[in-house]
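UniProt numbering applies: residue 1 is where the sequence shown begins, and numbers increase by one.
Please note that the accuracy of each hint is not assured.
As the list claims (entries may be wrong) - Simulated crosslink set (BS3-like; lysine-lysine; CA at most 25 Å straight-line):
1. 72 x 149
2. 180 x 114
3. 72 x 112
4. 58 x 147
5. 175 x 114
6. 149 x 50
7. 46 x 149
8. 33 x 167
9. 114 x 149
10. 167 x 180
11. 46 x 58
12. 123 x 58
13. 96 x 149
14. 58 x 180
15. 58 x 112
16. 72 x 58
17. 149 x 33
18. 46 x 123
19. 147 x 96
20. 149 x 112
21. 58 x 114
Treat the hints as calculated values from the structure; they're not laboratory data.
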Amino acid sequence: MEEQLLCCEVDSVRRAHQDVNLLNARVLQTMLKAEENYLPAPNYFKCVQKDVVPNMRKILATWMLEVCEEQKCEEEVFPLAMNYLDRFLSVEPTRKTRLQLLGATCMFLASKMKETVPLTAEKLCIYTDNSVQPGELLQMELLVLSKLKWDLASVTPHDFIEHFLSKLTIHTSTKQILRKHAQTFVALCATDVNFIASPPSMVAAGSVVAAVQGLYLKSQDASLSSQNLTNFLSQVIRSDPVWRNLTEVLPPFLFPLVAWWAAASTDVTHFVHHGVPRLPPRTPQITLLP
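Generate the whole structure from the sequences, applying the supplied hints.
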């Protein structure tokens, strides 16, 4: 019986070997040029949105991240969904009662782009406590696609992480741990409004530096010191002095986000037992703290 169970324990997703050609300098430069085309407006809360405030986005992002974690989505799904969300809010005034519908729709689209088995509309509606119906979600999907001009191939920080890691001389096992930590920081950045206008390359660079600091790898290799690594990654992405300063400030700013996430995160087991989020349906009661 035990042997039979072990034979059945296989990965649900089959992955191809990584193509090293995708890590060459030409691909990196192409992404650096393209990333500006997918940045949302940094001031959309003031210029576009009248009913939505930053705190509502944070609550919605927390819920979206927990749904992605509970469904074991690919790491790229959540940051991509948040990019769709911010780009949509940059051009379309939205009522706060439709925020959860919008968040579910963005996860629906991002899942289609990155998952081999994408999230279904019915499953996402369950996470809204059925306050959103599948038909509504499909209608919203068309609206989001229209406002984004059907351009869903956004460049995200995850696209840069592998490029940065490939340039570091560290052991494969260490690189795997570093990748996981950097991906966590990228997800936390996506929940914070302070990073809405930050280029994905800069967020990825700061996340890698923060991951190195958190794992204390800098003590093992002088090239991994905060200053050396920041300068190196700044040269890789060819950032100007302003972005280089931001890359240096980013890692210390990320660590409080970890504590915030631990405190703000709802109990994921609630989804397992009840299949509904603790976020109020359609988020009508969200208010800013004084």
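Right, here's what the structure says about each hint:
1. Straight-line distance between C-alpha atoms of residue 72 and residue 149 comes to about 29 Å, which puts the hinted pair past the 25 Å bound.
2. As the CA atoms of residue 180 and residue 114 are separated by approximately 17 Å, the hinted pair is consistent with the 25 Å bound.
3. Taken as a hint, the residue 72 and residue 112 pair is honoured in the structure, with Cα atoms around 14 Å apart against an allowance of 25 Å.
4. Between residue 58 and residue 147 the alpha-carbon distance is near 22 Å, which keeps this suggested pair within the 25 Å criterion.
5. As the CA atoms of residue 175 and residue 114 are separated by approximately 22 Å, the hinted pair is consistent with the 25 Å bound.
6. Our distance criterion of 25 Å between C-alpha atoms is met by residue 149 and residue 50, whose separation comes to about 23 Å.
7. Distance check on the hinted pair: residue 46 and residue 149 sit about 23 Å apart at the alpha-carbon level, within 25 Å; holds.
8. Annotation: proposed proximity of residue 33 to residue 167 holds, straight-line Cα distance about 20 Å (limit 25 Å).
9. For the hint linking residue 114 to residue 149, the alpha-carbon distance of about 19 Å falls within 25 Å, and the restraint holds.
10. With a CA separation close to 17 Å, the supplied pair residue 167 and residue 180 stays within the 25 Å bound.
11. Using a Cα cut-off of 25 Å, the hinted pair residue 46 and residue 58 holds, with the two alpha carbons roughly 16 Å apart.
12. Using a Cα cut-off of 25 Å, the hinted pair residue 123 and residue 58 holds, with the two alpha carbons roughly 22 Å apart.
13. With a C-alpha separation of about 23 Å, the suggested pair residue 96 and residue 149 falls inside the 25 Å cut-off, and the hint holds.
14. As the CA atoms of residue 58 and residue 180 are separated by approximately 22 Å, the hinted pair is consistent with the 25 Å bound.
15. Restraint check for residue 58 and residue 112: the C-alpha separation of about 23 Å stays at or below 25 Å, so the hint holds.
16. Our distance criterion of 25 Å between C-alpha atoms is met by residue 72 and residue 58, whose separation comes to about 21 Å.
17. Under the criterion of a C-alpha separation no larger than 25 Å, the hint pairing residue 149 with residue 33 is consistent with the structure, at around 19 Å.
18. The suggested pairing of residue 46 with residue 123 is violated, with an alpha-carbon distance near 34 Å, which exceeds 25 Å.
19. A C-alpha spacing of about 18 Å is found between residue 147 and residue 96, which places the hinted pair at or below 25 Å, so the restraint holds.
20. Between residue 149 and residue 112 the CA atoms are separated by roughly 17 Å; this keeps the pair inside 25 Å, and the hint holds.
21. Annotation: proposed proximity of residue 58 to residue 114 holds, straight-line Cα distance about 23 Å (limit 25 Å).
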